[in-house]
Amino acid sequence: MPRILLADADAFFVAVARSVDPEGAGKSALLIVGGRPGSRGVVCSASYETRAFGVRSAMSIAQALRLCPDAMCVPVPRQACSDASRAIRRVLERFTPVVEGASIDEWYLDLGGTEALYHHESLDVTARKIREAVKTETGLSLSIGGGSNKLIAKLAAERAKPSRSPAAGGVWIVDEGSEPAFMNDVTLAEIPGIGPKLQERLRGVGLVTVRETLAHEMPTLERWVGPKTAAWLHGRVRGMSATAVEYRDRSRQISREETFGKDIADASKLVSELRYLAAKAAGDLRAAGLAARTITVKLRTNDFETHSAGRTLPDPVESDRGVAEPAVALLEKLRAKHRAPARLVGVSLSNLTSYRVTEQLTMFEAPAVEGVVPERERDRDLSRAVDRVREKFGDDAIRTGPPRRVPIGEKGAKKPRSS
Amino acid sequence: MRFTISREKLQEGLAAVASAVPSKTTLPVLANLLVQTTEKGIRISGTDLDIAVSTEVIADVEAAGAITIPARKLSEIARELPPAPVKISAAGDQRITLECGRSKFKLLGLPKSEFPSFPAVKFEKALRIPSGDLQKLISHTAFAASTEESRPILNGVLWELRPEHMRMVATNGHRLAKMDVPVKTASGPSSDLIIPPKALEQIRRLFPAEEELEVAQGENHLGFRSPFTAVYTRLIEGPYPSYDQVIPRDNDKYAIIDKVALTGALKRMSVVASDQTHRIRLSFNSGMLKFSVSTPDLGEAQDELPVRYNGDPLDIGFNAAYLLEILRYLPTEEIRLTFKAPERAATIEPEGWSDSAKYLCLLMPLRLVD
Chain A
1 MPRILLADAD AFFVAVARSV DPEGAGKSAL LIVGGRPGSR GVVCSASYET RAFGVRSAMS
61 IAQALRLCPD AMCVPVPRQA CSDASRAIRR VLERFTPVVE GASIDEWYLD LGGTEALYHH
121 ESLDVTARKI REAVKTETGL SLSIGGGSNK LIAKLAAERA KPSRSPAAGG VWIVDEGSEP
181 AFMNDVTLAE IPGIGPKLQE RLRGVGLVTV RETLAHEMPT LERWVGPKTA AWLHGRVRGM
241 SATAVEYRDR SRQISREETF GKDIADASKL VSELRYLAAK AAGDLRAAGL AARTITVKLR
301 TNDFETHSAG RTLPDPVESD RGVAEPAVAL LEKLRAKHRA PARLVGVSLS NLTSYRVTEQ
361 LTMFEAPAVE GVVPERERDR DLSRAVDRVR EKFGDDAIRT GPPRRVPIGE KGAKKPRSS
Chain B
1 MRFTISREKL QEGLAAVASA VPSKTTLPVL ANLLVQTTEK GIRISGTDLD IAVSTEVIAD
61 VEAAGAITIP ARKLSEIARE LPPAPVKISA AGDQRITLEC GRSKFKLLGL PKSEFPSFPA
121 VKFEKALRIP SGDLQKLISH TAFAASTEES RPILNGVLWE LRPEHMRMVA TNGHRLAKMD
181 VPVKTASGPS SDLIIPPKAL EQIRRLFPAE EELEVAQGEN HLGFRSPFTA VYTRLIEGPY
241 PSYDQVIPRD NDKYAIIDKV ALTGALKRMS VVASDQTHRI RLSFNSGMLK FSVSTPDLGE
301 AQDELPVRYN GDPLDIGFNA AYLLEILRYL PTEEIRLTFK APERAATIEP EGWSDSAKYL
361 CLLMPLRLVD
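Line by line, the protein sequences give chains A and B. Each residue of the first sequence is one higher than the one before, starting from 1 at the first, in our numbering. Each residue of the second sequence is one higher than the one before, starting from 1 at the first, in our numbering.
If we strip away everything but chain B, and leave its shape as in the complex, we get:
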């Protein structure tokens, strides 16, 4: 195998796949990248067995072949190379030579036969989905997935594909984020997929918004493909909890609040809130939202914010960290909060959002014990 590639193209390819390479692994070949020659250049692939990423970059191929190269060392070398074409060649199964200007490196690789094969995903029946829609869904929902190991299903993001729309939902049981976007072109049959957020992050990062992606399902895997790049991910087996039942339909109190002002007040209150529960008390009254926090052995704080509030006075407790996190993802200047009672779910939505997407966050309160 022998090819010449520009330093920039090599760096670009490595940057795309590097994050799929596990930092620690018991299987040595996973610390390597698979480099294969193609018609137009080379394809670089990396995997941690949960996620696999592969990307093709333009190169001048002199002799076809494939080999695996230590990922971290190759990235470190590529970063330090002088601005000159890079010649990479492999002699036999393991010995790699890299030359660039007057610099010369010899690296030991592993035979390509040791590299795990990619999941069998047939793209013939692939759905075609605008990358921008997917990015929007991911960036507004994936944050809410659980990181606790006790319920693996909640570690994933639910992706519902329907003829008219598609939806992503993520929750850790305390807060939930849900977004719908309409589907412009009629796609395939309805399906529910549960995807690790780590894979979604790669998808959001690697595919430009204007591209159209091919999405296809294998037995336990899902593949996303654009002309140059492909991401494969393991699917989490369901069923996902019936989140729809917990979304309140009878919340009869609502407040419309300036997001920046609310964020500021919550951040101030958080300073004095408990490190464990982050509990703050919100007291809604017509025209005024009062904040208060009291933490034993630490102190107290109060704040106020004029708001538009409709409903009977309400005192409700929240984990300020959860509330602040949701506010970060809301796209509008004003937000709408709805409530039923102090121990029932509250919803948070963008107010006055002129977008075809529908976005809803749900937050379970903290019990106020005096």
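The following block holds chain A by itself, in its conformation from the complex:
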């Protein structure tokens, strides 16, 4: 039988924020991570105690503070979070080579074939050992769910959470054969992939729980939600999921965005903000040894509407200019339709490939497409040279002009938020 685990770090951002600031955040039961009070960030994570007040992630900090005025708000300790995430992963990799990072604080582990290694002990015993090792070495708690596939493991991990079942000790394993009984207690909203829209549709035909859904045959489900969704749902409510755990440590998207302290109405100022973020994202891309073909720009206007526009380029790009030029063109496209002052702007790079494809030399320089001159060899050379300077002298040692906010070399340049 396949032995799949999902390890989920408990209140990850909160736990890390506490560990970097033991005297402040570490002592505050009511803790919100996402931004300082008065900032315009959103809640990234909140302690279990504040969640009791109704604070949820993705809520604006201001709204969270209205619900829970006594809470302490701290920005996301990004570097510490990625360090902690890597530290956890390193421990997990000692138990099995097949570790798939699902997000910064969630990992799937495939322990198939390790039975003899762990002396045929039950998956529950191994999971507890993993949990113990991570706690001892990183100080962070995991909730671990286990079962015969990723879906079961994910649902079991929810059951393992201390907030849900304090007696479980952070581990919940669904034994082979008991999947139907386990699924019977699951609500549809818990199943990954059943989002608010589908939940609403299913509620319309009287389906809220898995048990209710199981009472209906395929033809009935097809009539309600269409054949494709019905086939998928039919499998999901029976706890079926065929996707394998894949070793993956590579992000599928690199993005940078910034919520402004004050809304920006000035077009040129917004463009320079975007250029700055695009260069940051391009730097992340090169640091990971990648190039991107798809560029997406996000614009949130002061009416809280979020708009985005994306483009897939003929060839992958990696240089600051190669990323920034199409991003600026996309922003202009968005601004043509949505003229309200901007609250947030962001750029995300996807469709990532290893940049070795650019080793093929070409005869002609590609012509401009929709007014954007494609990335040239000299752009890549320039960006690599800038990277080398920054590596040696620090991020602020070299910048593209005109100066953004803080003169070169001065401390306190506001760092954009990466996501």
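Read the hints as simulated data drawn from the structure, not as lab findings. Beta carbons: idealized from backbone N, C-alpha and C, even for Gly.
Taking CB as the label site, the calculated pair distances span:
id, chain 1, residue 1, chain 2, residue 2, range
1, A, Ser122, B, Ser23, 55 to 63 Å
2, B, Leu368, A, Glu391, 20 to 28 Å
3, A, Pro192, B, Ser283, 49 to 57 Å
Add chain B to chain A, keeping to what the hints say.
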């Protein structure tokens, strides 16, 4: 409309036009063939709106007319028919009856008025070009055209017509193929045409080498015609990139290599080359060409080949798939490669080719990063 045709003539006509019929289309009539009676027989036509092909085959016409018939069904029926004359008749605009021996079929067609009209190309001022020359140009260059959608102009093959010669060039920006053939009979004014390779493939396939073709240009189209068959194609609008500037004139190193031996070594090295870049390293030294490939997570390979090489030692990287593809089209046993530097264009030409045509391929290297 009513006519009788031999099974073979029907199959011949259908085979000529069938490949112009699109396999998927949003315009239902394009899945049909237009069948019209003529003085000598029938004319069958098909089009996907980019390319149109029409051919005339001998038939015994009893009543003149025209109708469109579902192309795939008609071809499938023709393939299965017994060896007997085929009688085809149409009643009204849509109903078609096909009889052959004791077999009888009824098919639903579409009115001929729905079939798109062919591009307006005036053959009065047509150029006359030997089909064999055209075949030679097409079969040596069209392979190099790009299939990427990002630069539509490179999806076409450039056909340059000059008073003294004509030339075809195709490239995807990484490799290029160029061939010139002399023009025997003085033709019309110079012109540059960019043609989709799919149309050129039809031209190469449909016209026998010994025929002389009439070629004429319409507004956005080009027509090719022989006494029985005509091909029309949409032209791609230029300008074509100035390929002449990238053809190196100062390559000072050259190697003469046996094509079969080189192909064998490249194929062996390709096994271990990266699936993405197909990168192999060629090291030229006097008298010896060394091949090496090293792919992370896969392995390494080396090979050697005695060659005639003239110049300073050179290490250069290539996409083996590109190089192998070019070798397939080179007509001679030995080939000549020329170089300047590891990151400059290399040329590949036939060595000792006694032909009036001139053939040159160009290949951009892969950067060697260690």
